[in-house]
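A.B. asks: Listed below, chain by chain, are the residues.
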Amino acid sequence: MAEDKNENGVTRRHLLKDGCFGACLAGLASLAGFLTGKSNAGDTVWQIEPNICIACGNCATHCVLEVSAVKCMHDFEICGYCEICFGFFEPEPFDITEGAENQACPTGAIKRKYIDEPYYEYTIDESLCIGCGKCVKGCNAFGNGALFLQVRHDRCLNCNECSIAAACPSGAFKRVPADRPYILKGTPWEVGHA
Amino acid sequence: MIRFRHIIIAIIVFLYFAAVVSAAERFPPPEFEVDYERPTIERPSPRQDIYEYIDAVVLLAALILASYLVLKVRSRRAIFVLMVLSLIYFGFWRKGCVCPIGAIQNIVMSIFDRDYAAPITVSVFFLLPLVFTLFFGRTFCAAVCPLGALQDLVCFRPVSVPGWLESALRTFAYLYLGLAVLFAATGSAFLICRYDPFVAFFRISGNLNILIIGVCFLVVGIFVGRPYCRFFCPYGVLLRQLSRLSKWRVTITPDECIGCRLCEDSCPYGAIRKPTAEWPADEYDRAKKRLAFLIILLPVLIFLGGWACAHLKNVTSRMHSTVRLAERIYLEQAGKVKDTTDASLAFRATGEEVEKLYDRASHIRDKFWLGGWLLGGYMGLVIGLKLIAVSLFRQRTDYEPDRADCLACGRCFKFCPKERERLSKAKELVGQS
Chain A
1 MAEDKNENGV TRRHLLKDGC FGACLAGLAS LAGFLTGKSN AGDTVWQIEP NICIACGNCA
61 THCVLEVSAV KCMHDFEICG YCEICFGFFE PEPFDITEGA ENQACPTGAI KRKYIDEPYY
121 EYTIDESLCI GCGKCVKGCN AFGNGALFLQ VRHDRCLNCN ECSIAAACPS GAFKRVPADR
181 PYILKGTPWE VGHA
Chain B
1 MIRFRHIIIA IIVFLYFAAV VSAAERFPPP EFEVDYERPT IERPSPRQDI YEYIDAVVLL
61 AALILASYLV LKVRSRRAIF VLMVLSLIYF GFWRKGCVCP IGAIQNIVMS IFDRDYAAPI
121 TVSVFFLLPL VFTLFFGRTF CAAVCPLGAL QDLVCFRPVS VPGWLESALR TFAYLYLGLA
181 VLFAATGSAF LICRYDPFVA FFRISGNLNI LIIGVCFLVV GIFVGRPYCR FFCPYGVLLR
241 QLSRLSKWRV TITPDECIGC RLCEDSCPYG AIRKPTAEWP ADEYDRAKKR LAFLIILLPV
301 LIFLGGWACA HLKNVTSRMH STVRLAERIY LEQAGKVKDT TDASLAFRAT GEEVEKLYDR
361 ASHIRDKFWL GGWLLGGYMG LVIGLKLIAV SLFRQRTDYE PDRADCLACG RCFKFCPKER
421 ERLSKAKELV GQS
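Which chain is which? The protein sequence lines are A and B, in order.
Once you know that position 17 of the first sequence is 17 in the working numbering, the rest is easy, because the numbers rise by one and skip nothing.
Once you know that position 165 of the second sequence is 165 in the working numbering, the rest is easy, because the numbers rise by one and skip nothing.
In short, the hints are calculated from the structure, not lab data.
Possibly wrong hints are sitting among the right ones.
Have a look at the derived ranges for each label pair, beta carbon to beta carbon [to be verified]:
1) A:ILE96 - B:ARG348: 25 to 35 Å
2) A:LYS111 - B:PRO28: 41 to 51 Å
3) A:SER127 - B:ARG348: 28 to 38 Å
4) A:VAL67 - B:ASP255: 30 to 40 Å
5) B:LEU60 - A:LEU65: 47 to 57 Å
6) B:GLU37 - A:ALA29: 49 to 59 Å
7) B:ASP402 - A:LYS174: 20 to 30 Å
8) B:THR350 - A:GLY108: 50 to 60 Å
9) B:ILE296 - A:ALA29: 32 to 42 Å
Where a beta carbon is used, it is the ideal one built from N, C-alpha and C, also for glycine.
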């Protein structure tokens, strides 16, 4: 096809190939330039925007991990320490006691402790929480919204496409900078952030 | 009773504030008279950036080593060891994320979405293997990619796939790449990550359907070498094109091919091309006419593909959550469905006007119209060029690996008598010294 060599021994095919090689190299270099120019930030991680989250329960079932990387967080700064906490109790509890039948949490992960009349402290046992958001729903509906779901970054694999984000009905999942990996409802970033 | 007072207060305060602020402090946080300190919230930090940079350095080192082993050392055993190490590091240790295959989507999104910038490590993961392939061939596929490594390990009884079938099946990879780019560019989904068949193995947990697909790939992989790499891998499509132009590449023989035919069946991936006969002179006219016809057909295929894909916009755009939501809201508004979904409830809670949602959705659909033309045109071009490629006659005098197909696994080396001669000479030299 193109075997007509000139005096330098360069065939047409070789010239074409070298041209394409150079073009590819230049293309990759300019893409690299574009990408470095654009990404001034570090890595990102997935997080839930608690004010958009509707606590639908998908977090508990759609994570690629056996037990979801999403767990409930409790912001004590805005907690009302209610005696009747709807994050803790069923909507219509049989009795206001710590009995399992009265609790909203399916795994009994929330512990209730008397502090001072009429205040009670509620703490979440992280190891039991499955991120179903039942307590979040209750607290949002009747309380201060001190309970909310967050991606726990010691568990999250930071998948390139988060399976929960793909299934999130309210679009509450977003990529946030890795150096500010939590979105708290009441507390500003700086407070209590090591 | 105190608890009933609380409930009544709760309801009153709820009604009062609900319209003003959602989830504001209905019950002011108490000032405790007893000695009580509020617990702090535990916030475990994500993996530090430095580890991501270490990943990038490991990738660079693995690529350099792979290229050295393939082109200089020419040892299948060494390539195999590196491949297993890569599988352990990038696969099981790093859980298969981020990989260069999925990084395609981050890069595309970075280009099309003004608000998104791919992290620097992801860019490095995308670009490094491409650059190495441009210089040394597909050494990334041979010994660095964990997905390839997993399939390579199960390739026990490879059968040969006829060339026409291989070429036809590979169209999937081009289509997969096109769709992945379309969905990433429109911000709809990361298709490649969603249907990554092996990531569930790396994590030893995951979606059951994907796990089943992964098992199927591995079972098929026993008989058809690396089915994902050859017929589906979208990154492989990019690597193929760069590998065609590569400066250095795998050669079966370290010397001159003597045409002994010993390497003929050594490649489990059907990448070895045999020497061809002389140019069939009587075929020339017919071949010329066929080529002319195919070249005229090319623009027709491009147009037909683009037209068809653009008209599929109502189907393809459903991949975007906004379009799905708008369709659902439309059905609910029109009274065609009685119930609601979590998504439609969440949308109504935001108080956004329905018309605005429709506007956003139709704007996204317009993107899919343009994207459909581009995707279809590209697929038409791919099919047209494939037809042209199979009808071209290329004369070959030696046994050589196909520039695009060769995965640089190095299995063919030891079949070459010239290579054995080289090795025994090298051994002698070592013995003497």
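A.B. asks: Could you see if the CB distance from THR350 of chain B to GLY108 of chain A stays within 50 to 60 Å?
C.D. replies: With Cβ atoms ~33 Å apart, the hint is violated.
A.B. asks: Just tell me: holds or violated, for the beta carbon distance of GLU37 of chain B and ALA29 of chain A against 49 to 59 Å?
C.D. replies: Hint holds: Cβ distance 57 Å, inside 49 to 59 Å.
A.B. asks: How does the Cβ-Cβ distance of ASP402 of chain B and LYS174 of chain A compare with 20 to 30 Å: does it lie in that range?
C.D. replies: Since the Cβ atoms of ASP402 of chain B and LYS174 of chain A sit about 44 Å apart, the hinted range of 20 to 30 Å is violated.
A.B. asks: Honestly, do VAL67 of chain A and ASP255 of chain B meet the 30 to 40 Å range at C-beta?
C.D. replies: With Cβ atoms ~59 Å apart, the hint is violated.
A.B. asks: In this structure, is the beta-carbon distance linking LEU60 of chain B and LEU65 of chain A contained in 47 to 57 Å?
C.D. replies: Check failed, 30 Å falls outside 47 to 57 Å.
A.B. asks: Assuming the hint says 32 to 42 Å, is it satisfied by the Cβ distance from ILE296 of chain B to ALA29 of chain A or not?
C.D. replies: Holds, since ILE296 of chain B and ALA29 of chain A (Cβ atoms, about 37 Å apart) stay within the stated range.
A.B. asks: Just to be sure I understand the hint, the distance between the Cβ atoms of SER127 of chain A and ARG348 of chain B should be within 28 to 38 Å; is that true here?
C.D. replies: Roughly 36 Å apart at Cβ, these two residues keep to the hinted range, so it holds.
A.B. asks: Verify the CB-CB distance for LYS111 of chain A and PRO28 of chain B against the hinted window 41 to 51 Å.
C.D. replies: Given range 41 to 51 Å: violated, Cβ gap about 23 Å.
A.B. asks: Range hint 25 to 35 Å: satisfied by the CB atoms of ILE96 of chain A and ARG348 of chain B?
C.D. replies: Check passed, 33 Å falls within 25 to 35 Å.
Hint check: violations occur at hints 2, 4, 5, 7, 8; the rest are consistent with the structure.
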